[in-house]
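Colleague: Work out the full structure, taking the sequences as your base and the hints as a guide.
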Amino acid sequence: AQRVTQPEKLLSVFKGAPVELKCNYSYSGSPELFWYVQYSRQRLQLLLRHISRESIKGFTADLNKGETSFHLKKPFAQEEDSAMYYCALSRGSTLGRLYFGRGTQLTVWP
Amino acid sequence: GAVVSQHPSWVICKSGTSVKIECRSLDFQATTMFWYRQFPKQSLMLMATSNEGSKATYEQGVEKDKFLINHASLTLSTLTVTSAHPEDSSFYICSARRAGGEETQYFGPGTRLLVL
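If you're matching them up, the sequences are chains A and B in order.
Here our numbering is used: the first residue of the first sequence is 246, the next is one more, and so on.
Here our numbering is used: the first residue of the second sequence is 19, the next is one more, and so on.
These are calculated hints, taken from the structure and not from any lab test.
Note that this is a predicted model, so its numbers are computed, not measured.
Worth double-checking, as some hints may not be accurate.
Claimed, not checked - Derived DMTMM-like pairs (lysine to aspartate or glutamate); straight-line CA-CA distance at most 25 Å: (1) A:K318 <-> B:D106; (2) B:K59 <-> A:E299; (3) B:K59 <-> A:E265; (4) A:K267 <-> B:E121; (5) A:K260 <-> A:E312; (6) A:K302 <-> B:E121; (7) B:K59 <-> A:E253; (8) B:K38 <-> A:E325; (9) B:K59 <-> B:D106.
Modeller: Shown next as structure tokens:
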């Protein structure tokens, strides 16, 4: 079985401060990891995925297989980054089924 | 592009009735759609995978006779909550993957179900 753990339910930082949202996973195979974001009163949308190795809206995430982590980072948080962030895992060969962590509510204060 | 809609956005029903929720991909074809359930302040829980033209695949612990899924076309999947009870009250969200194997899932806005 697979599990995605986001240890922080709430995270607050000030504008301009670095932010890191933690995500750990457990899965015996080779997973694909994703970060999804949900802004207030909007639907869930993909932020980034580990195989793309890209930076979206200043956010990056590196898959660390040794630590089974996929933490989301941004060096300088902005107020518009305030949202709910979900880490998700796909088991690769399972036609895209996603298993989500419980989410972290990020608040960026002015 | 890649918009997914759900209908209705919210529904209130009496215990014992059945409720149908529609999920549509508006501007693309989706061979695979997914149904999730989200309890208040909790994560999305995958319920089932809906494949066009074939039976849905349910996650462990999800009653297939309780949550009927039909994926009759490349743009429509429906979830029917049969004989709904108050414990079925939840937020139901669907997502869709484009035909062609693209990994990205596009999510609907969700349907709030309240069973009295």
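Colleague: Each of the hints needs a verdict: does it hold here or not?
Modeller: Hint check:
no.: 1; hint: A:K318 <-> B:D106; verdict: violated (36 Å)
no.: 2; hint: B:K59 <-> A:E299; verdict: violated (29 Å)
no.: 3; hint: B:K59 <-> A:E265; verdict: holds (21 Å)
no.: 4; hint: A:K267 <-> B:E121; verdict: holds (23 Å)
no.: 5; hint: A:K260 <-> A:E312; verdict: violated (29 Å)
no.: 6; hint: A:K302 <-> B:E121; verdict: holds (20 Å)
no.: 7; hint: B:K59 <-> A:E253; verdict: holds (13 Å)
no.: 8; hint: B:K38 <-> A:E325; verdict: violated (36 Å)
no.: 9; hint: B:K59 <-> B:D106; verdict: holds (16 Å)
Figure legend: structure checked against the earlier numbered hints; hints not met, in rising order: 1, 2, 5, 8.
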